[in-house]
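Chemist: Those sequence lines, one after another, are chains Y and B. Using the numbering used here, the first residue of the first sequence is number 2, and each one after it goes up by one. Using the numbering used here, the first residue of the second sequence is number 2, and each one after it goes up by one.
It is worth saying that the hints were derived from the structure and are not from the lab. You may find that some hints are simply not true.
[Unchecked claim] A short, non-exhaustive set of chain B residues, derived as facing chain Y with CB atoms under 8 Å:
(1) 39
(2) 43
(3) 59
(4) 62
(5) 144
(6) 160
Beta carbons are placed, not taken as given, at the ideal position from N, Cα and C, and that holds for glycine.
Protein chains: 2
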Amino acid sequence: MTDRLDRQIAFLSEADKLKSVLRASRLHDNSRFENSAEHSWHIMLFALVLADQAGPGVRIDRVLRMLLLHDTVEIDAGDNPIHGTVDQAAVEAAEQAAADRLFGLLPADQEAAFRALWEEFEAGESADAVFAKSIDRVQTPLANLANGGGSWTEYDVSFEQLEARVGRPVRRGAPALWDWLTPRLRAFFDT
Amino acid sequence: MTDRLDRQIAFLSEADKLKSVLRASRLHDNSRFENSAEHSWHIMLFALVLADQAGPGVRIDRVLRMLLLHDTVEIDAGDNPIHGTVDQAAVEAAEQAAADRLFGLLPADQEAAFRALWEEFEAGESADAVFAKSIDRVQTPLANLANGGGSWTEYDVSFEQLEARVGRPVRRGAPALWDWLTPRLRAFFDT
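Chain Y with its partners taken away, still in its complex shape (with noise of 0.2 Å):
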C-alpha cells in the first residue's frame, strides 16, 4: 500500500507544475493569461452547469472525469492555442510521450484506466468525447467576448477561422451553445 501510495502521491505532486502552463487566452477582467489547471476547473464547471445540452447517452460524471486529466500531458508537451500554427504529428508525438512519462508514475491499473481516458477523449469519437471536446472549445469564446478579444486579436482571427476552427467542434457536441454564441459573435467580429 505504501508504494502505491508513493506512486500517487508522485504523480499529483508533479500535476502541480500544470498551474504553471499558460494558455493563449487570457481572464475575463484580462488581468493574465491563463493556466490549465484552472482552465480544466473552470471548463468542468461548465460541463455540470450545461449537462442538458449533452446529446443521449453522454454520462456527465465521465465527461468530468475525462476534462479533469485531459490537459494533464502539457505538463510535458505544453499547450498549443488552437488558432497557432503547429506540425500536428510532433505535438501528438510530444503527447504520448507525456502521457508515458506522467501516466506512467501512477500504480499501473490507473495508469491504464487514467491513458485509455485521456485518449478517449483524444479521439473524440464517444459520446462522452464529443460532447467533452465540445466544452472544452466554448470557454475561451466567452472570455475573449468578455476582455475584448484575447487570442483572437493575439492570432488575428477571422469569425470564419473561428466557425471552423471552434464553432465545429462545439456544434458537434452542443449545437444550442453555438446559436446562443454566434450573434455574439458576429457583434464583435463585425466590429
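Position chain B relative to chain Y; hints supplied.
Modeler: Chain B in isolation, oriented as in the chain Y frame:
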C-alpha cells in the same frame, strides 16, 4: 431555453473570478501563491487518484462534484486560511450571502442542487463530505513540504497546531494519508 442558458452562462462567467482569489498556500515550486480555481482542480485530481482511500459508501463522482463547487463562494467571501485567525460567525455569514448571490445566478433547479451539495460539504457529516474535506486538507501540506514551509512558515504553525487543524479532518476521512504524511511532517518540523 435561452433564458436558462443566459442564466447558466452568467454564472459560468462570474465563476471566472475564482481564478483571482489567492490562497495562503504556494505552488510546489514556490513561484507564487495558489488560486482557488487551480486548487479546486488539483484536489479533484487528488480525490480521483486517492479514491481507494475513501471509506465505505463514498461515491467518488459526488465527491468530485462537491469539490468542483466547494470554493465558489470565495468569489465574494474570499479565502480564509486555516492557520489564520478569523471570526468564524462572520465568515459563515459572508459565505451564506455569497452562496445566495452566486448560486442565485443559476436556474432555480440548479441553484437548489448546487446549494445543497455545497451545504453538505460545509456540514462535513455525510460520508462523501467527510472524504471531500480530508482531500481538501491534504493538498497544502504536500505543497508546503515541497516548497520549504509555505503557509506554515508564514503563519508560524507548530506540528501540534497542524495535527489539530489539518490532521484531524484528514484522519477522519482518509487515515492512511495522514499516516503517510506524519513522518514527513515530523522530519520537517523537527529541523
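Chemist: Confirm or reject each hint.
Modeler: Do the hints match the structure? See the list:
For residue 39 of chain B, the interface hint holds, the least distance from its beta-carbon to any beta-carbon of chain Y being 4 Å, beneath 8 Å. Evaluation of the residue 43 of chain B hint against chain Y yields a held restraint, the C-beta minimum of about 7 Å falling below 8 Å. About 14 Å separates the beta-carbon of residue 59 of chain B from the nearest beta-carbon of chain Y, more than 8 Å, and the hint is not met. A distance limit of 8 Å between C-beta atoms decides the matter here; for residue 62 of chain B the minimum to chain Y is near 4 Å, and the interface restraint holds.
Given hint, residue 144 of chain B at the interface with chain Y, holds; its Cβ is 7 Å from that chain's nearest Cβ, closer than 8 Å. At about 20 Å, the closest approach between the beta carbon of residue 160 of chain B and any beta carbon in chain Y exceeds 8 Å, and the interface hint on this residue is violated.
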